[in-house]
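Colleague: Listed here are the chains, written in short residue letters.
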Amino acid sequence: MSHEDHDSAQAGASSEAATATAERPTRRLERPETEWQRVSPRYIVVDMISTFITGAIVTTASLIPFWLGWEQGWMLGAGLAAIFVIVLAVTPRRVRSIGYLLRDDDLLFRRGIMFQRFVAVPYGRMQLVDISRGPIARAFGLGELKFVTAAASSGVLIPGLPLETAEQLRDQLVAVAETRRAGL
Amino acid sequence: MSEHTPFAAEPPAQPTASEPTAPEPTAPEPTAPVPPAGTSTVTDLADGEWHRLHPATPLFRGGIAFIAIIGVIIVNLRDRILELWFGYDDIDTGPGGDFEADAIDFLVREELIIVALLAALGVLLLLVAGFYFSWRMHTFRITGEAVEVRSGILFRTNRKGRLDRIQGINVGRPFVPRLFGAAKLEISVAGNDANVQLAYLRSRDADALRRDILLLASGARRESAASTSATAAHAGIGGILDERVHELLAPELDVELTEPKSIVRLSPGRLIGSTFLSETFIILVLMLVAIVVSAVLSGELFLLFAMLPGLIGIGGFLFARITRSLRYSIASTPDGVRVGFGLLSTTNETLPPGRIHSVRVSQPLLWRPFGWWQIAVNRASRSSQNGAAGQQQTTILPVGSLDDVRAVLGLLLPEAASAERQALLEQALLGSGPGEGGEFTVSPPRARILRWFSRRRNGFALSPEAVLLRTGAIWRGLVVVPFPRLQSVSVHQGPLLRALRLASVHAHTVAGPISPTLGALDVVDAGRFFDEVAASALRAAQADTSHRWRAEHQQHTESAGAASTAEAPHQPVVPPETA
Numbered sequence: 002m003s004h005e006d007h008d009s010a011q012a013g014a015s016s017e018a019a020t021a022t023a024e025r026p027t028r029r030l031e032r033p034e035t036e037w038q039r040v041s042p043r044y045i046v047v048d049m050i051s052t053f054i055t056g057a058i059v060t061t062a063s064l065i066p067f068w069l070g071w072e073q074g075w076m077l078g079a080g081l082a083a084i085f086v087i088v089l090a091v092t093p094r095r096v097r098s099i100g101y102l103l104r105d106d107d108l109l110f111r112r113g114i115m116f117q118r119f120v121a122v123p124y125g126r127m128q129l130v131d132i133s134r135g136p137i138a139r140a141f142g143l144g145e146l147k148f149v150t151a152a153a154s155s156g157v158l159i160p161g162l163p164l165e166t167a168e169q170l171r172d173q174l175v176a177v178a179e180t181r182r183a184g185l
Numbered sequence: 089m090s091e092h093t094p095f096a097a098e099p100p101a102q103p104t105a106s107e108p109t110a111p112e113p114t115a116p117e118p119t120a121p122v123p124p125a126g127t128s129t130v131t132d133l134a135d136g137e138w139h140r141l142h143p144a145t146p147l148f149r150g151g152i153a154f155i156a157i158i159g160v161i162i163v164n165l166r167d168r169i170l171e172l173w174f175g176y177d178d179i180d181t182g183p184g185g186d187f188e189a190d191a192i193d194f195l196v197r198e199e200l201i202i203v204a205l206l207a208a209l210g211v212l213l214l215l216v217a218g219f220y221f222s223w224r225m226h227t228f229r230i231t232g233e234a235v236e237v238r239s240g241i242l243f244r245t246n247r248k249g250r251l252d253r254i255q256g257i258n259v260g261r262p263f264v265p266r267l268f269g270a271a272k273l274e275i276s277v278a279g280n281d282a283n284v285q286l287a288y289l290r291s292r293d294a295d296a297l298r299r300d301i302l303l304l305a306s307g308a309r310r311e312s313a314a315s316t317s318a319t320a321a322h323a324g325i326g327g328i329l330d331e332r333v334h335e336l337l338a339p340e341l342d343v344e345l346t347e348p349k350s351i352v353r354l355s356p357g358r359l360i361g362s363t364f365l366s367e368t369f370i371i372l373v374l375m376l377v378a379i380v381v382s383a384v385l386s387g388e389l390f391l392l393f394a395m396l397p398g399l400i401g402i403g404g405f406l407f408a409r410i411t412r413s414l415r416y417s418i419a420s421t422p423d424g425v426r427v428g429f430g431l432l433s434t435t436n437e438t439l440p441p442g443r444i445h446s447v448r449v450s451q452p453l454l455w456r457p458f459g460w461w462q463i464a465v466n467r468a469s470r471s472s473q474n475g476a477a478g479q480q481q482t483t484i485l486p487v488g489s490l491d492d493v494r495a496v497l498g499l500l501l502p503e504a505a506s507a508e509r510q511a512l513l514e515q516a517l518l519g520s521g522p523g524e525g526g527e528f529t530v531s532p533p534r535a536r537i538l539r540w541f542s543r544r545r546n547g548f549a550l551s552p553e554a555v556l557l558r559t560g561a562i563w564r565g566l567v568v569v570p571f572p573r574l575q576s577v578s579v580h581q582g583p584l585l586r587a588l589r590l591a592s593v594h595a596h597t598v599a600g601p602i603s604p605t606l607g608a609l610d611v612v613d614a615g616r617f618f619d620e621v622a623a624s625a626l627r628a629a630q631a632d633t634s635h636r637w638r639a640e641h642q643q644h645t646e647s648a649g650a651a652s653t654a655e656a657p658h659q660p661v662v663p664p665e666t667a
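Chains as they are written, first to last, in this note's numbering: chain L, 2 to 185; chain C, 89 to 667.
Derived by calculation from the structure, the hints in this document are not laboratory data. Just so you know, not all the hints are guaranteed correct.
[Stated by the list, open to error] What the simulated footprint calls covered on chain L by chain C, stretch by stretch (three residues with Cβ under 8 Å from a Cβ of chain C suffice, anywhere in the stretch; the number is not a length):
1) 50-63
2) 73-85
3) 123-133
4) 173-185
[To be verified] For each label pair, taking beta carbons as the anchor points, the in silico distance ranges come out as:
5) Ala153/L x Thr231/C: 51 to 61 Å
6) Leu453/C x Glu165/L: 53 to 63 Å
7) Ala57/L x Ala587/C: 45 to 55 Å
8) Ala561/C x Pro42/L: 42 to 52 Å
9) Phe53/L x Thr231/C: 37 to 47 Å
10) Ala57/L x Gly398/C: 16 to 26 Å
11) Glu36/L x Ala587/C: 50 to 60 Å
12) Val160/C x Glu179/L: 50 to 60 Å
13) Gly526/C x Glu31/L: 23 to 33 Å
14) Ile137/L x Ser506/C: 46 to 56 Å
15) Ile137/L x Ile371/C: 46 to 56 Å
Quick reminder that beta carbons are idealized off the backbone N, C-alpha and C, glycines included.
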């Protein structure tokens, strides 16, 4: 039982520390960094268009049973449509939550509001950098940059970068990775 | 090497006088696999010249199947041959034999028998020639920088692996080649199916070559590599058979090094016990019992036959697992950890230092009364040869006591499991709660709803060398990720965790059976984990020299100079403008 007490005391201490720094108990993951590089606002439109297209196709496909005579089949389509409308509604916030930060020796990447994710990747761990552009993104002059390490789970994919920014960032990442090269 | 055309029919001429070109028999001897006695035993194959493989290679690689096919054909034509020899022509060939008999009758009737025989002979010659040329064109060389293999007759392939990227060297001896004193050397570099295979070599050459490659790869100077490869005396003509028997029985052939002593002894009792107590085995047995019960109750006894495949499967599984692990050995060599498996077909893998990306020590529930543990690792390369019982060669210790675990961890992670870290490891394996010195940060009490029993065990500790993730009160587990191998770190939070003010952390390493993650941590602790691990990983990556593991002893000043030059051109990081 003494261990229990010790644990709760420790937990209390850590939440106190949290209140000391943030003035309130933090529920969300917060970072002290504030100067995040954000992706282009045009990416909101790109993301909404592609979500809309996917949603339209999926919803249409889900209505096939209804057309074939299943009376309650419309509920399936309606439910899916509602989900896609919600996704569309939160897209602007979701896109604004994507950010990256070039620190001295590593790249910090964040995304998500509901499902938050922060990643720190040392530049020296870079195996390659990919720039890819889908048809919609290309129409808006955007591209996405993928930073690949030896670990598949690193998953640093920065979407919605203007092409020149993406290329500049790629060249820069390659250059700094070269000076900070680490083994596997 | 751009001057070699991809279709170079002849490898460059061998040096004539300087080297006694022992591994280059000019006459093809695919049927005489035993090397001629009296030649020097340790040929320096790692001299940067092109060499050929064991002359019996085609036989081991595909020739055995070819002989089997001929055997099948002969068996099928048995009746025909009998008829030819004994001259009676009313053999009842049965319904299956009719077609074949018709074909041969047709040949005889049309007087095409000569043509057919010639055609068969031609095919045979073509095959033999193919085997011969594929052997002749299959050459390898080992330079100070890389190991390179060229093969193929029409479609040439040229594979080159950089020595400082070696992730492991595996000497495999499948049963039949092993009988003939051949072994294959597999040099794995990072990546899926990124192995450079030298199959097959003479057993002794394989061991000598492994040592040479490791020496070259380690960053030690070439001269010292040459000086250590003294030639061992050969037993003479009469000793060939002796030598075969010796090779077959010796667990590990190493010409130079005294045989490394295994630090773990796997007793057959423990091996069999752990196999019977594994969860897969128990599930299989339960399924069989269910079949038997339902067969007896329903009276449909033919159901019992349905379990025959299952029984055979279980038997095979048990046999494979036990024979593979029976001669298990793990030992420390100057060039890394050497793990050996196998009773009939053996594999022997050397993992140079710093090639282990994460280690998991786990204890299945049923092993707990016996205090048995299992150790698996993540590696950057994927070997084509399997380890114990068809498991990937990621299982380093199939089963062992706590002492074995300590010894093996000491080999795998010498820094992270050093003497002063033993208390921490003890706490990580067996303990729960934050520990006496508060080394472990465990989940807060409100995480009990997610971690019913393991709330106080679910936690992490950061030592200067590694991050330790401890999980599970019932199925105990511990994942150790050394900082120099850590690729990146992340922290996640979904809606459920947010409601509880919790977060989960992930340490990213190369893909493998282990994914180091820890859930249900306090949000503040998770943030601290993220910051500290990111900083430590950077520090460790800059100090790491294990890709040339011997260089730091030999050329300390040089590597320090290299480090400072690497330090010097640090570019300032300026974020590009977002338009």
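Colleague: Now look at each hint and say whether the structure bears it out.
Modeller: Quick rundown of the hints versus the structure:
| no. | hint | result |
| --- | --- | --- |
| 1 | 50-63 | violated (count 0) |
| 2 | 73-85 | violated (count 0) |
| 3 | 123-133 | holds (count 3) |
| 4 | 173-185 | holds (count 9) |
| 5 | Ala153/L x Thr231/C: 51 to 61 Å | violated (32 Å) |
| 6 | Leu453/C x Glu165/L: 53 to 63 Å | holds (57 Å) |
| 7 | Ala57/L x Ala587/C: 45 to 55 Å | violated (33 Å) |
| 8 | Ala561/C x Pro42/L: 42 to 52 Å | holds (49 Å) |
| 9 | Phe53/L x Thr231/C: 37 to 47 Å | violated (58 Å) |
| 10 | Ala57/L x Gly398/C: 16 to 26 Å | violated (50 Å) |
| 11 | Glu36/L x Ala587/C: 50 to 60 Å | violated (30 Å) |
| 12 | Val160/C x Glu179/L: 50 to 60 Å | holds (59 Å) |
| 13 | Gly526/C x Glu31/L: 23 to 33 Å | holds (24 Å) |
| 14 | Ile137/L x Ser506/C: 46 to 56 Å | holds (55 Å) |
| 15 | Ile137/L x Ile371/C: 46 to 56 Å | holds (49 Å) |
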